[in-house]
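Q: What follows is the residue order along each chain.
There are 6 protein chains.
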Amino acid sequence: MERVKTGIPGLDEIMMGGVPRSHQTLITGTSGTGKTMFCCQYMYNGVKKYNDRGVYLSFEEPADSITENAKSFGWDFKSIEKSGKFSFIRYDPYHIEDVFDILESTIRQVKANRVVVDSVSALGLHIKDEAELRRMIFNLSIILRKLGCTSLLVSEIVPGTKGLSRYGVEEFVADSVVVLYYERLQSTFVRAVQIWKIRGSPHSEKLHPYKIDNSGVTVYPKEEAFIKRT
Amino acid sequence: MERVKTGIPGLDEIMMGGVPRSHQTLITGTSGTGKTMFCCQYMYNGVKKYNDRGVYLSFEEPADSITENAKSFGWDFKSIEKSGKFSFIRYDPYHIEDVFDILESTIRQVKANRVVVDSVSALGLHIKDEAELRRMIFNLSIILRKLGCTSLLVSEIVPGTKGLSRYGVEEFVADSVVVLYYERLQSTFVRAVQIWKIRGSPHSEKLHPYKIDNSGVTVYPKEEAFIKRT
Amino acid sequence: MERVKTGIPGLDEIMMGGVPRSHQTLITGTSGTGKTMFCCQYMYNGVKKYNDRGVYLSFEEPADSITENAKSFGWDFKSIEKSGKFSFIRYDPYHIEDVFDILESTIRQVKANRVVVDSVSALGLHIKDEAELRRMIFNLSIILRKLGCTSLLVSEIVPGTKGLSRYGVEEFVADSVVVLYYERLQSTFVRAVQIWKIRGSPHSEKLHPYKIDNSGVTVYPKEEAFIKRT
Amino acid sequence: MERVKTGIPGLDEIMMGGVPRSHQTLITGTSGTGKTMFCCQYMYNGVKKYNDRGVYLSFEEPADSITENAKSFGWDFKSIEKSGKFSFIRYDPYHIEDVFDILESTIRQVKANRVVVDSVSALGLHIKDEAELRRMIFNLSIILRKLGCTSLLVSEIVPGTKGLSRYGVEEFVADSVVVLYYERLQSTFVRAVQIWKIRGSPHSEKLHPYKIDNSGVTVYPKEEAFIKRT
Amino acid sequence: MERVKTGIPGLDEIMMGGVPRSHQTLITGTSGTGKTMFCCQYMYNGVKKYNDRGVYLSFEEPADSITENAKSFGWDFKSIEKSGKFSFIRYDPYHIEDVFDILESTIRQVKANRVVVDSVSALGLHIKDEAELRRMIFNLSIILRKLGCTSLLVSEIVPGTKGLSRYGVEEFVADSVVVLYYERLQSTFVRAVQIWKIRGSPHSEKLHPYKIDNSGVTVYPKEEAFIKRT
Amino acid sequence: MERVKTGIPGLDEIMMGGVPRSHQTLITGTSGTGKTMFCCQYMYNGVKKYNDRGVYLSFEEPADSITENAKSFGWDFKSIEKSGKFSFIRYDPYHIEDVFDILESTIRQVKANRVVVDSVSALGLHIKDEAELRRMIFNLSIILRKLGCTSLLVSEIVPGTKGLSRYGVEEFVADSVVVLYYERLQSTFVRAVQIWKIRGSPHSEKLHPYKIDNSGVTVYPKEEAFIKRT
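Chains as they are written, first to last, in the working numbering: chain A, 1 to 230; chain B, 231 to 460; chain C, 461 to 690; chain D, 691 to 920; chain E, 921 to 1150; chain F, 1151 to 1380.
Next up, chain A with everything else stripped away, as it sits in the complex (with noise of 0.2 Å):
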């Protein structure tokens, strides 16, 4: 199975090389465990140092806020929208009707092999049907597979809940499953990452501390996170 590099430090080599090619990722965690900042890291290494091509579709969150915040990281979006390699869509999650004819046409004008739909929980303001999600989020994924796009889908987890997403089904459609952790240990907060799930394949099965700091996400592979699930 080939591998996509999402070049973000650590964690291409607890994924075995990275995300796997053409298949949906899901990214999952709280508030605040930086699903948004991985999927930037994601994208932006994706354009500049792999030279491939990218559409981000945000139902919540304005293109202009993301921008922002991902200078800080000093990763310049406006740069590689110019260049036409880069495709931001923020779209309303309140009318859905005609979104997937919207991404597939913007994947394919931009020639997009980097997907990042942030998040597919945000869909699920919308369809209040468990079914009907489920089959959304599964068609979703039937176009990225047919544009042949290596994606990344981010979903929420409500703190205080157990289980891999708001509505308990974004998991069973996603290919490989990535989830965030950001925990109490005493009196301080720890942020740990761990492969799920990666379909057809064997992966790290701990528990890796990762941090956050001006240059981004950093995985550590060869530590092991204590955290403890409440």
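No lab work stands behind these hints: they were computed from the structure. Be a bit skeptical, because a hint or two may be false.
[To be verified] In silico DSBU-like links for lysine-lysine, alpha-carbon gap of 30 Å or less: (1) Lys308/B / Lys146/A; (2) Lys1131/E / Lys852/D; (3) Lys1066/E / Lys1232/F; (4) Lys901/D / Lys695/D; (5) Lys392/B / Lys622/C; (6) Lys312/B / Lys5/A; (7) Lys392/B / Lys852/D; (8) Lys671/C / Lys235/B; (9) Lys1356/F / Lys211/A; (10) Lys695/D / Lys606/C; (11) Lys128/A / Lys5/A; (12) Lys1198/F / Lys1361/F; (13) Lys606/C / Lys739/D; (14) Lys162/A / Lys1066/E; (15) Lys682/C / Lys436/B.
[As the list claims (entries may be wrong)] Covered by chain E, according to a simulated footprint, are these stretches of chain D (three or more residues, beta-carbon under 8 Å): (16) 730 to 741; (17) 794 to 802; (18) 852 to 864; (19) 906 to 916.
Yeah, the Cβ is synthetic: ideal placement off N, Cα and C, and Gly gets one too.
Here the structure of chain A is known, so what remains is to put chains B, C, D, E and F in place on it, guided by the hints.
A: Quick look at chains B, C, D, E and F alone, frame taken from chain A:
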């Protein structure tokens, strides 16, 4: 009670020889436990090693995706499909009216004696009423029993919930139940399998570790796993 | 209070002689605890050893399946059915309007004094209203009492839930309650039985281990089981 | 505050002399704690030892069944019923429109000063609205207070739930609350009674063991029970 | 911030002098914690010791019952009612349309500056909508503030639930919150009081034991209680 | 990323200089954690020390009550209101159609750059649909961002629930999240603050104690708090 060999190293041993012939065995676990891999290995071994014939009904993951992932483990489903001894059915769980007719006719056509239904929980997305769902799964088991098929039924456990299945009815219909665990022990995730029940037969009452690597699933029948379900 | 022997080794001893004559005793436990096996053993012993006559009403598992599984333990239900001393009723729980008439007429015809209803929880699939379900089970108990039958009523516990039954009403209608446990102690699963209540009578207040092997169920009345229900 | 003796050994002592005269005392516990036995013993002692007169209203268990079980403990309800000092009312909880009229007229006829209502939770099967149920129980308490009856109201706790009653309203209407526990300590089940509250009076704040044997209930007022409610 | 003395020994001390004048203080706890007793003691002390005037609004327990129970502690509400300095209002919570008009006119008539509303949770039985209930309690607090009354509002905690009130809104409307605990420590039940908040003021942040005996409630401001809420 | 000083001792330090300019920061905690006090101190310091201008939107507590309580801490909101640099808006959360117009026009009129909305959870009382509520809060954040206001949004946590907010959506809309804890450690209640997230910025990942006394809130940036959320 006659047994059918799964050919999964170690699993037949802890099931006292294999899965009971003509029974429905539920394979249940959270996302990432390798349920589909257990089923593929059971099916591929059946056709290649034990001269059986089989049908694999998938409600969500496309045949292509399953086939491609299986190849990573050296299982060439394309070739056994060409030989006429095996058939994939990919069926939209949102139009299930005639799925059982199609399943039955395919089984008859292939002369299949091994069947996988992946997953029966997906039926619950379409059928909201618990009683109707239970009846549906029950009718499925009647058909499979009538046709003399030794079947694996896949069931999902939502991470963070207790219980053996998504809807709490799947395990009451099956003849046998195999539970797959994937749980954190300190900073490492551990895989373990348990034979929860085999109707009309004693079985191992221990929790056994299993691993997933390039040759698929291996169960350790002489070892015990120590996990703590949270 | 007169007792009826179950003939299950050890069980009669911890129930102070057996199940109370003409009472309804609830056998409750999760899938895999062997509830149906307890009932078969009670019924078969009744006809063969104690010269009783019986009716077994099954709402889901077909008579054939029960008969076949029972054979593994040396209980030949076919032969006692032929002798006229025993009758199986398999009834679709989705059309229950006249099930009690059929049960009553079969009991009268067989002159049965032992009855099994497997399971009363299945009634809850059809009857959504808790009050109506309780009334239904209550009416069933009235009939069985009127006919002087000593009855075992099976009830399901959904794994991962606390409580004594699927709907939380079954135990309030029965005269006596027997709870079967199947729970993990470290890496091994342990079976234990508890006499929860016997109306109008003292009973063992300990948790006793039991095993299932080729001769069926054996309870250890002099031993205590150590389990921790999670 | 004047007390009425229950005659249950030890119970009067931990209630500072008995149940408060003209009050409603809730007896609550899971199935199997012996709530009906407490009530029978209270009633029988009242008529035989303390020259009181009583009415026992049962919503589910038939009078015959209660009478028969009581006989095992040496309480002959048939004879006190014949004497005119006691009356059983068996009332279908599904047609409760006029139950309070019947209760009131029976109390007046028997000149009863002791009343048992077994169980007020059964009213909740018919009355789905929490507010209406609370009002119903409240009205019942108004009638009993008006008639000067010292009453025991039975309430069910569903095993595995926390809380003092099935619907969470029963305890707010009663003047006093007695909680019965039946819980596992290691491999043994332990019985304990607690006086949860007595309106307008101090009371024992300890958990006391009790036993059930051939002479009924005995509470140990000088001992403390160690249980852990799970 | 000016304080009003409750006269309950120890309570004023841990509240830094008493309850804040013109504020609403929520008294919350499970059945059996003595909420009504706290209120009676506050009211009776107000009229007798501090020359205040008061109104007690009860939604369920009749005035007679409260009066009678209060007498056990030496509080003669009949006499202060006759003096015109105090008035009981017993109001059916099922017809609450004009309860606030009646409350206001009674307060004006009595010239009351102390008010008890026992309990605001009872309003929730009639008002099913959480927003409407919150608004109702909010409007009540507006009236009481406008009239300059120092008020105790009683709130129920359902045993076995976490949280500060029955509906989870009561505590957000009140200015101050006093929580009463009654919980098991080993085999004994322990009473403890906590000042959860006082708007605009520091307060004791410890858990203090209290006892109930023939002279009513006594809080121990210098002692700490050790309980474990389950 | 530019910071705006709260002037709350210690808080700016653990937020790496203050709250991010033009961002929305969620202040969340149970009743009694001092959320309104944090906001008042932020606002009053802004106007008096940092020459900012502000608007405080309150959905429940009247301006008078907030003003009066603030006075206890030496914050004279009346005077800054007179100076024209500050304005209170008290708005009924039950008629919210035009609240955002009013907020916007008041912000423009006052030329406010600091805003408090106390509380966004109150919006959820009126808006029952989770998706609509999330959109409403989202629109609010768009307006505040457009106007360049640095805002504190208050959110309620229901005691006894896990999670960061009453409705589980508030934290996904805010740029930053500050969590206030008030929890029992043995017999004492402990206050602690945590910077849960700051979008696009690292921050302290420790739990810091804070106290409330006559001068308001003080955070201890060099100390760690040890609490156990139950």
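Q: All hints are to be evaluated individually against the structure, with a verdict given for each.
A: Structure-based check of all given hints:
Among the hinted pairs, lysine 308/B with lysine 146/A is consistent with the structure: their alpha-carbon atoms are about 20 Å apart, no more than 30 Å. The straight-line distance between the Cα atoms of lysine 1131/E and lysine 852/D is roughly 25 Å, inside the 30 Å bound, and the hint therefore holds. For the given pair, lysine 1066/E sits about 24 Å from lysine 1232/F by alpha-carbon distance, which is consistent with the 30 Å threshold. Only pairs whose Cα atoms come within 30 Å are accepted, and lysine 901/D paired with lysine 695/D is accepted, the gap being roughly 19 Å.
Between lysine 392/B and lysine 622/C, the direct Cα distance comes to roughly 11 Å. Compliance with the 30 Å bound is thereby established for this hinted pair. The hinted pair formed by lysine 312/B and lysine 5/A fails the criterion: a straight-line CA distance of about 36 Å is larger than 30 Å. With a C-alpha separation of about 18 Å, the suggested pairing of lysine 392/B with lysine 852/D holds against the 30 Å cut-off. A distance of roughly 26 Å separates the Cα atoms of lysine 671/C and lysine 235/B; the hinted pair therefore holds under the 30 Å criterion.
For the suggested pair lysine 1356/F and lysine 211/A, the alpha carbons sit about 14 Å apart, so the restraint of at most 30 Å is met. The straight-line distance between the Cα atoms of lysine 695/D and lysine 606/C is roughly 37 Å, outside the 30 Å bound, and the hint therefore fails. Between the alpha carbons of lysine 128/A and lysine 5/A the distance comes to roughly 35 Å, so the proposed pair goes past 30 Å and is violated. Note on lysine 1198/F and lysine 1361/F: the hinted pairing holds, with a Cα-Cα distance of about 22 Å set against a maximum of 30 Å.
Only pairs whose Cα atoms come within 30 Å are accepted, and lysine 606/C paired with lysine 739/D is rejected, the gap being roughly 34 Å. Between lysine 162/A and lysine 1066/E the alpha-carbon distance is near 46 Å, which puts this suggested pair outside the 30 Å criterion. Pair hint lysine 682/C plus lysine 436/B holds up; C-alpha atoms about 24 Å apart against a cutoff of 30 Å. With 0 residues having a beta carbon nearer than 8 Å to a beta carbon of chain E, the segment 730 to 741 of chain D misses the requirement of three or more and the stated coverage is violated.
Check result for the segment 794 to 802 of chain D against chain E: violated, 0 residues qualifying (beta carbon to beta carbon below 8 Å, three or more required). Using a Cβ-Cβ cut-off of 8 Å, 7 residues of the segment 852 to 864 of chain D lie near chain E, which meets the minimum of three, so the contact claim holds. Restraint check on the segment 906 to 916 of chain D versus chain E: 3 residues with Cβ-Cβ distances below 8 Å, three needed, restraint holds.
Of the numbered hints given earlier, the model fails hints 6, 10, 11, 13, 14, 16, 17; all others are met.
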